[in-house]
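Chemist: Spelled out from the first residue to the last, the chains are:
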Amino acid sequence: MNVDPVLMSRLITTMTLGFHIIFATLGVGIPLMISIAEFIGVKKKDPHYRMLARRWARGFVITVAVGVVTGTAIGLQLSLVWPEFMQVAGNVISLPLFMEVFAFFFEAIFLGMYLYTWDRFKKPFTHWLLSLPVVIGGGLSAIFITTVNAFMNTPEGFTMANGAFAAVNPITAMFNPATPSKVFHVLTSAYVTCAAILAAISAFMMLRKKASDYHKKALKLTVTVTFIFASLTAIAGDLSAKFLAEHQSEKLAAAEWHFETEKGADLIMFGWLDEQNEPRYEFRFPKLLSFLAHSDFNSEVTGLEEFPEEVRPPLWIHYMFDLMTAIGIFLLAVSMLYLIFSKVKKWNEHNKGLLILIFLSGPLAFLAIEFGWILAEEGRQPWIIRGYMTVEEAATSSPYIGLMFWLFLGLYIVLGTLCTVTLRKMFRSNPAEEELEKLYPTIEKGDDS
Amino acid sequence: MSYEMIGITVLWIFLYGYLIVASVDFGAGFYAYYAKITKKDHVMNQLISRYLSPVWEVTNVFFVFFFVGVVGFFPDTAHYYGTALLVPGSIAIILLAIRGSFYAFENYGSKKSNVYMFLYGATGLLIPASLSMALTLSEGGFIVEENGVVSLKYFKLFTNPYSWSVVFLAIVSVLFISATFLTFYAARANDRPALTLVRKYALFWSVPTIIASLTAFIALSQHNQRHYEAMLDLWWMFGLSVGFFLIAMALLYQGKHYGLAFISVMFQFFFAFFGYGAGHLPYILDPYITITEGATHQSMGFALIVAFIAGLCLLIPSLILLMRLFLFDADYVKGKR
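The listed protein sequences derive, respectively, from chains F and H. The C-terminal residue of the first sequence carries number 450 in the working numbering, and the numbering is unbroken. The C-terminal residue of the second sequence carries number 846 in the working numbering, and the numbering is unbroken.
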């Protein structure tokens, strides 16, 4: 079998990142949820919330372990699989990479402290304070690493001299045009996803057994947070589209199957392309793309035909865009529905249908993360550094790359399976209600059911 | 001092930091498994897991810090090492992944598993062996660039006495450093049975450590004359290293001041490691990358150093807090909290 090293390099990176991104998202969002739950618990002196924080933290450790090792993998793979890219771009992006490691370091130190000092301090607030550096560290590492990716989309902060980067300004490179919208979108979507997955767990428990107070409180907290961050993610998505229209219009045009530059452009959802590259069976929202791109229904949106064929992204990213936005709207709708139901006295917010929808929103949120990420990455093909270096020039020349792919595939299958098995065992054998009684014997009977 | 000199010094300090904390970690994993198969696990495992649990992720970061920093300060390393190390590097990643995640599965999961324990112990010895390979490669002769294509000469590498002496040194040093640390930790915890056991390990592994150091020294003289002579010029550093080794041995043998003994071991490796590193300069990869020609742009080098100082202001207080909570808190070490 003759494998193309460039294709294999791309596949390895896709696989590693696709796997890592699940745990990275959890690493950014879960600490926030833990911190909120513990804060409420301490403030209200409510053992339910403190137990929530404890149990989430315990599960979180397992996912952190996988996040750390796959993060190490991607860090090393950057140089192993894309040596020529790192040789050139290393001059410009090593600052944020370096800072990301610092943020990660900071987070790792305090996570260890947080996990092993539950009952060591006289004041419970002292322990809660330890959760803040974990939240901040997780957020900061997401911000720094996103600036690297933003740089690859809209490179700035250097001049070209004899085919190499010169006159490098690391700060300008970090705060390139893509940074603000990307950082905003990455953070909000990580928070909404984690809230949604925790809500899904509570909904699942309530579907299986009669709802206990513990799970009801968990659901209320997580769905409320889901709603807040789903709204913010929608705003972030809108900002990203406006950014794309201005700085990376070929990505937006490919995602929207917008071929000819025109005023009052329609937004196209779903459908597929026929042989003449005409969309079929699509939903058309008149003039909405113009509005999405420039906040004006009659503005001009650049079409794909303005770009030479060899630098156009693949057209299938349209489906990624559709799926991501559809899930985003679904999350917003379901969480809003729950909140409305819980406000109206006569309606039961814990009815089976709604619980099923909440349960679905967890895994769907993760899918949206993957789709959105694929959209962003495939949307800048064929470039690795847009306008300067193609993926073909950046990949390794080593003939062993194909073999490495299978090795890593095996690793991720093993890690993914064992992580799931461990998490299931951990919570199955030790239900929340039993643990609550053990730790807080004062809790009135009847709480567990 | 030029910025590239500061850069390489900082990175070398971090690699040294990794060498110490990772050795403690890797060795402890091996001892934990060894104790299990020799049915002494009840003596040791409590001690090891109390120390390891809060710090295991921190260890990994030292390593990530080092390789991200090297590529940042010296981007040419990506071109040479990146291409040549694809296979050994990937294997090291996989070993690290198995080790890190299995530790969590084993310790926080509900069921104890012998297979996890075995893999955790075995990777503890295989990882230092595979990582030390990078040091061997840096001596030159194994990574070759022909017509712009970089490749690694595997046959030459696996038949070379120097590369094997480095692997051997890495493994025995890990076991020695780890045992000295655990001796200190057991003494603090007032854990007599564990202390007797790990002190025996420390004394046992000291002999191969010093033999392996000498062997590696001699093998280097055969492989890279220039580096060897540069190291001879720094003879006093290696003299200090041996001196601290003797102090550590004396303390361990007499069975007192274990904290001081561990610090002596840290100094022993500090001087040997820095003597080795200083002799290696100006090459990062002999003969392709030197620290001056391979360095990044001045503005980036400067920014990295600023980021580094700012980062340290954040990290050092946090690390001190971590140590006070888990390493020097007598009640915690004794298992009362």
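The set of hints was computed from the structure by calculation and includes no laboratory data. Some hints could be false.
[Stated by the list, open to error] Which residues of chain H face chain F? A partial, calculated answer using Cβ under 7 Å:
1) Glu566
2) Thr568
3) Thr592
4) Pro597
5) Phe627
6) Ala631
7) Pro702
8) Leu823
9) Pro826
[Stated by the list, open to error] Here are the in silico distance ranges between beta carbons for each label pair:
10) F:Thr127 to H:Cys822: 20 to 30 Å
11) H:Pro702 to F:Ser232: 27 to 37 Å
12) F:Ser430 to H:Leu823: 36 to 46 Å
13) H:Phe811 to F:Arg121: 51 to 61 Å
14) F:Tyr401 to H:Ile515: 27 to 37 Å
15) F:Leu316 to H:Cys822: 31 to 41 Å
16) F:Glu311 to H:Gln734: 29 to 39 Å
Remember, it's a predicted structure, so these values are computed and weren't measured experimentally. Beta carbons are placed, not taken as given, at the ideal position from N, Cα and C, and that holds for glycine.
Chemist: Name the hints, by number, that the structure is in violation of.
Modeler: 2, 4, 5, 6, 7, 9, 11, 13, 15 and 16
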